[in-house]
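**Student:** The lines below spell out each chain.
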Amino acid sequence: MTTDFFQYIVSGLTIGAIYAMVAIGYNIIYSVTEIINFAQGEFVMLGGLFAVFFAGPLHFPLYLAFVCAVGMTGLVGMAMDRFVIGRARNASVMSLIIITLAVSIILKGGAMLWWGKDPHSLAAFSTGGPIRLGGVAIQPQALWIIGICALIIIALTLFFRKSIYGQAMLACANNPDAARLAGIPVKYMVLLSFVLSAMIGAAAGVIITPVSMMEYDRGALLGIKGFGAAVLGGLGQFFGALVAGAILGLAESFCAGYLSSGYKDAVALVLLLLALFLKPEGLFGSGEARS
Amino acid sequence: MGRKNWLILLGAAIFIAAFPWLVAQFKAISHYVDVMVFAGIFSLVCLGLSLLMGYAGQISLAQAAFFGIGAYASGILTTKFGFNSLVAMAAGMTISGAIAWLVGVPSLRLKGHYLAMATMGFGVIVNIVLAEEVNWTGGPSGMADIPPFRIGTFTIDGEIAWYYAVWAVVFCALIFCFHILHSRVGRALRAIHEEERAAESMGVPTARYKVRIFVLSAVFAALAGSLYAHYVACVNPSSFNLMWSIRFMLMVMVGGMHSLWGAIVGTVLMTFVGNEWLQVFAELEILVYGAILLIVALFLPGGIVSLVPGRIFRRKAPEATLAEGAGS
Chain A
1 MTTDFFQYIV
11 SGLTIGAIYA
21 MVAIGYNIIY
31 SVTEIINFAQ
41 GEFVMLGGLF
51 AVFFAGPLHF
61 PLYLAFVCAV
71 GMTGLVGMAM
81 DRFVIGRARN
91 ASVMSLIIIT
101 LAVSIILKGG
111 AMLWWGKDPH
121 SLAAFSTGGP
131 IRLGGVAIQP
141 QALWIIGICA
151 LIIIALTLFF
161 RKSIYGQAML
171 ACANNPDAAR
181 LAGIPVKYMV
191 LLSFVLSAMI
201 GAAAGVIITP
211 VSMMEYDRGA
221 LLGIKGFGAA
231 VLGGLGQFFG
241 ALVAGAILGL
251 AESFCAGYLS
261 SGYKDAVALV
271 LLLLALFLKP
281 EGLFGSGEAR
291 S
Chain B
1001 MGRKNWLILL
1011 GAAIFIAAFP
1021 WLVAQFKAIS
1031 HYVDVMVFAG
1041 IFSLVCLGLS
1051 LLMGYAGQIS
1061 LAQAAFFGIG
1071 AYASGILTTK
1081 FGFNSLVAMA
1091 AGMTISGAIA
1101 WLVGVPSLRL
1111 KGHYLAMATM
1121 GFGVIVNIVL
1131 AEEVNWTGGP
1141 SGMADIPPFR
1151 IGTFTIDGEI
1161 AWYYAVWAVV
1171 FCALIFCFHI
1181 LHSRVGRALR
1191 AIHEEERAAE
1201 SMGVPTARYK
1211 VRIFVLSAVF
1221 AALAGSLYAH
1231 YVACVNPSSF
1241 NLMWSIRFML
1251 MVMVGGMHSL
1261 WGAIVGTVLM
1271 TFVGNEWLQV
1281 FAELEILVYG
1291 AILLIVALFL
1301 PGGIVSLVPG
1311 RIFRRKAPEA
1321 TLAEGAGS
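Those protein sequence lines, which keep their order, are chains A and B. Position one of the first sequence corresponds to residue 1 (my numbering), numbered consecutively onward. Position one of the second sequence corresponds to residue 1001 (my numbering), numbered consecutively onward.
If you are wondering where the hints come from, they were derived from the structure by calculation, not from laboratory data. All values derive from a computational prediction rather than experimental measurement.
Quick list of the computed label-pair ranges, beta carbon to beta carbon:
(1) G147(A) x K1080(B): 50 to 56 Å
(2) F83(A) x S1183(B): 40 to 46 Å
(3) E1194(B) x S163(A): 41 to 47 Å
The C-beta atom is built at its ideal place from N, Cα and C for all residues, glycine as well.
Bound-form chain A, shown alone:
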């Protein structure tokens, strides 16, 4: 009974780390541009499938496949900003939603053409069986996921707190006009935000693929659950995203374990709706959601 309980906690935290990374992807673009990127989930899908491509047909070692997949997805994010978002600088919120949705469909369709409709698997990052801790089996990959997620969060926090580029990006978020007057190239900061969030999404995709495989149409669901974490944690809040991701992951894992595995995908969405209804500024938010 209690071993089950701890088992669910482990798997909930693992998937929660993924949601947190997706949520951070939303947060980066949102804090610089106030755009909600509906293609965020597709970055995760692309990361996983690119890693499959580099590690499978091209026989790259795993760490290199990881780096290449993240890099390729970063290029996709760059292209998205250069060729699409850049053309719609003054578009309304509604047109931007439609535009990012269109990009997400195109990425999904492209992935279907390239990789087909079947799920693809990827080897785990380290060999060896699960680690046993008093009856609870922990897959080494779960540790990889939580570790890499923690590393990314630390690196991002340092980036935004200490580096000049991070500070410049935050300045764009606060007031783009003032940032431009202060000599910050806002255009490049927006580009950087898209590349960065594509890469983080891709990293999440690569590390989750050994656990749950990856196929072309996983993006939308991962994306919206990540958005749930972003809203629950407060849009633009990195630490909030982390906590909210863990909450969503745990809720989902407990639902699958104790209630119904068929409805586990609905749990995160119900929490998203509840968060929007009850506390749209999120657990750690600043209250700017209200119009």
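Using the hints provided, position chain B relative to the given structure of chain A.
**Tutor:** Chain B in isolation, oriented as in the chain A frame:
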């Protein structure tokens, strides 16, 4: 509604009335009547969505879910409980409207993207429920043998009867929408769209009007879903997923979201594209839809009707319609 719209309506009605006779002259396209029945059903969804997008400035990604609620309400209530078709239809519309109200009231208080995400989440939940509640909905394989639409002793039977019934409903809905736009609510909506804060400070209860339009769009979608269920006689969850919500949005965008005529033109065109002309692309379909959506959103935000010279379909100068859109 103005005289101009009545004239267009009359022209459209004559064309629609003559359409089955016209295509019957050519064997190769005689099945177009069937395609037009679907186009009519989808037009109902898109009319509501067009009011929501073009006039209330909001996006819903749950229209396919409301469409599905209407379809399944009709399917379940008529097959499992022996309800009258009309009562089942009304029940579906009521449920849909009530849910839209529940989702709309909180999320329409927030900024633009929240309704889109809330409805996207809600749409996915509906799809999960449709697939999971096997005893009621038949699960992923859906329900079959939904009885034909019957009012008293009269049954809508056959393609031609369905064609005229559906399009009669579409025209009624269209006239209803025009009346809304020319009422107090319609003027308020236009004010909201042009300058929301100004409208608010003039005492227009913006959130309440947006909620009403959202509820109306859900009711229209449920009505369409009910007709759909009776027409095709079998339904399954894949007709009501996120991709279909995006398709409905695409139909409205292609026609032009600031004109109710645009919604109908776009729907008919995209239904033919989807059901007939795009079949050659098969696998590429989704990619083509994405490309069309992107191109329209970036380069033709006013849709097809904005290409029509003069002011036939438009009430206002184009810059008032999507001034803030399209990256101009």
